[in-house]
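Two independent chains are provided; combine them into the complex using the hints.
Sequence lines, in order, name chains A and B.
Here the working numbering is used: the first residue of the first sequence is 1000, the next is one more, and so on.
Here the working numbering is used: the first residue of the second sequence is 33, the next is one more, and so on.
It should be emphasised that the hints constitute simulated quantities derived from the structure, not laboratory data.
You may find that some hints are simply not true.
Examples of chain B residues lying across from chain A (beta carbon under 8 Å, computed) [what the hints assert, rightly or not]:
(1) 41
(2) 44
(3) 45
(4) 47
(5) 48
(6) 52
(7) 54
(8) 241
(9) 245
(10) 248
(11) 251
(12) 255
(13) 258
Backbone N, C-alpha and C fix where the C-beta goes; we use that ideal spot for every residue, glycine too.
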Amino acid sequence: MKKKNINSTLRHHSTGISDDFYLFLLFLILHGISPLLPSEDMETKVEKQYNEKLLKVIDALLTGVSWLMLQDRVELPIGSVELARKFGFNIQKESSVYHTIIPPKINLFLERYGKRLRIHYYGESLSLQGLNGTIEFEFDKFVKELLSVVEKLLAGYL
Amino acid sequence: MLPPHLNYAFIVLKFYKWVLQKWNNETPKDIYDEILITTHHLRFEIYLNEFNVDETFNPFPMTILFNNHILVGTCQGTAGKKRIRGIMMEPLYVFNELLYAISWIMEPDSLEGGLYAGELREYAKKLGFSVGDKNPLYLISFGCCSVVIFEREDDSLLIHYYNSLINCDDSPYGTIKVNLREFIEEVLRSVFIYLTDYMEVVEKIRADYGQKPEEYMCNELWSNYKHTLMRFKEIFKI
Chain A
1000 MKKKNINSTL
1010 RHHSTGISDD
1020 FYLFLLFLIL
1030 HGISPLLPSE
1040 DMETKVEKQY
1050 NEKLLKVIDA
1060 LLTGVSWLML
1070 QDRVELPIGS
1080 VELARKFGFN
1090 IQKESSVYHT
1100 IIPPKINLFL
1110 ERYGKRLRIH
1120 YYGESLSLQG
1130 LNGTIEFEFD
1140 KFVKELLSVV
1150 EKLLAGYL
Chain B
33 MLPPHLNYAF
43 IVLKFYKWVL
53 QKWNNETPKD
63 IYDEILITTH
73 HLRFEIYLNE
83 FNVDETFNPF
93 PMTILFNNHI
103 LVGTCQGTAG
113 KKRIRGIMME
123 PLYVFNELLY
133 AISWIMEPDS
143 LEGGLYAGEL
153 REYAKKLGFS
163 VGDKNPLYLI
173 SFGCCSVVIF
183 EREDDSLLIH
193 YYNSLINCDD
203 SPYGTIKVNL
213 REFIEEVLRS
223 VFIYLTDYME
233 VVEKIRADYG
243 QKPEEYMCNE
253 LWSNYKHTLM
263 RFKEIFKI
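If we strip away everything but chain B, and leave its shape as in the complex, we get (with noise of 0.2 Å):
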């Protein structure tokens, strides 16, 4: 039996639920001041409480984080304590773009990719990565202050990152070695996580400041969300 993240009648099921939802114009009765997404390797921090009224797209203070290394986010350090702060980020732009990534990267014939215009290869190069000549390339970049490029190389997933708003003792360059197949599932969950359990409460939000559902588009994640399983199935023959 699959997980319920990888099991597509489950993930219709839930989208059903999602749909009828809206449908009904029923909304959530917890709304909390945080979001908190924690797999094996990833933690997403969404700070729900800090929401900026004003911004339609970036309206969050989220952080993430791989292995305790802070991918997106800031650290502030006095005496000895570690206080983590978000940058402000899109969810739905942060998880989508995430979802491309792993689909973009996943594809055996893939070669460079994502939101870099130029030679992407020099400028992981550039900012002191060796990256191999064939490998696939996915360069995201979160908000204006943090890189993460993906490199495979076989099975494996490379994740370089480059944060230039860390401040304690971190680096903010880093390159992590995961396997490939387990950190697509990672990101699947944490997505999947976020679309079942979360996201009608970051719309009421904001509804409740007058944005518009046509302005942030959740629809997208759900079809992005099973276009990126279908694929991932396939390919791995799952």
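If we strip away everything but chain A, and leave its shape as in the complex, we get (with noise of 0.2 Å):
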């Protein structure tokens, strides 16, 4: 239902890339689909701020996932655990989460309990309301397809 929901936004910014396009490339991203590599002209100023905006996507994911790789239980940053249990999110005790926010004021809940991750996400702007939802991965698997499309998206850019 909430995936749904962003298509629908989705359409009614078709030209030019809105928030929620770049939302939408953030789920491609999730669900292994490589999004399409930016173009050769990096010139305009949009695509510049296309580029930046995924950058941190990617930063903040690959941030996340180093942090959750580790052995012992981490909340980064403390704290993180109580305000994703204010946005409505259950979390585990013993689990481990990372907290980020990613543009445009987007609250990112990576939460690693046993061998599955969820990614909670929750707007904040009042224009991302209700906005927000649980997806959830094998860990593994999650971490081995994140890496193999960032390698590419970033082969696309240096």
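This is how it looks when you write it as structure tokens:
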């Protein structure tokens, strides 16, 4: 139901790169589908912003994964679990949690519970109201997919 | 084209490679005895072969030099020969702290910061430095014996240092004036070199002796670096 929500908002912004589209890209990455590589013409401003946003998401996901890879339980930053619960997400007691905010103001909670990875997202600004939900993955599979997608994406940037 | 250490895409790529290495449990092939990071003014020396196994917090002897002044470390001179020795430090702490210092000092509305409880301005004066009444200050305490106070004065950075361990002809006190932006870029470059070329070697040494990554948290230096870089680019409009 929540995904439908994103798709429908996307239709209203089919020109240019809207925040929703960018969010959609994020979902594509999360589902292992590589979005279009940035074109060779990187001069335009829109393109540049888009690149930086996508890079930020990649960076955030990599950082989260690098913390969750550790054996011991981590909570970063301290207080993330409490915040996630405040947003209404059910966080297990033994979980490792990494919290970050990606543009445009979406709270991302990466929760690792045993071999499972749950990504909770929560849009904070007014235009993103109602945008929240949870996507669940197998941790190992997710990391593998993420790493292979990121490799392809970064090859397009440099 | 921006140099690699200021190029966000390039840094994400390097970070990606680091994460990939962790994921595949790859370890570096070459192990060095000593790490040397030299930029225009700064010089970092980390003596890996003198690793202290029992120390989680300050396992490596380290020296930091600025324009050949020893900010951290000690000097023993006999018969005209100088020998510089490091003091036990944590490289991650040093680089993190330097990043905190520059990100504090470049903020337009900073006043006093760093690991000092009390009136930093008074303390700086007590040490014998003349500091401005409104200039932003940041204190870095390196180990037991070395204090470095950054003072921003318009576009310049004054580095006041007091190293009670110096034992050659050098005076333990001193002030160096540098261009703020150049210095920040130099610190960023040094940290970047450490992150991309040497940190994996340090990690391997620690892992070989049974220290766990949770205990020293390399991830944080990456995040800190990226955060500081973003702010630097915003403030100086790069």
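Q: Hints the structure violates: just list their numbers, smallest first.
A: 8, 10
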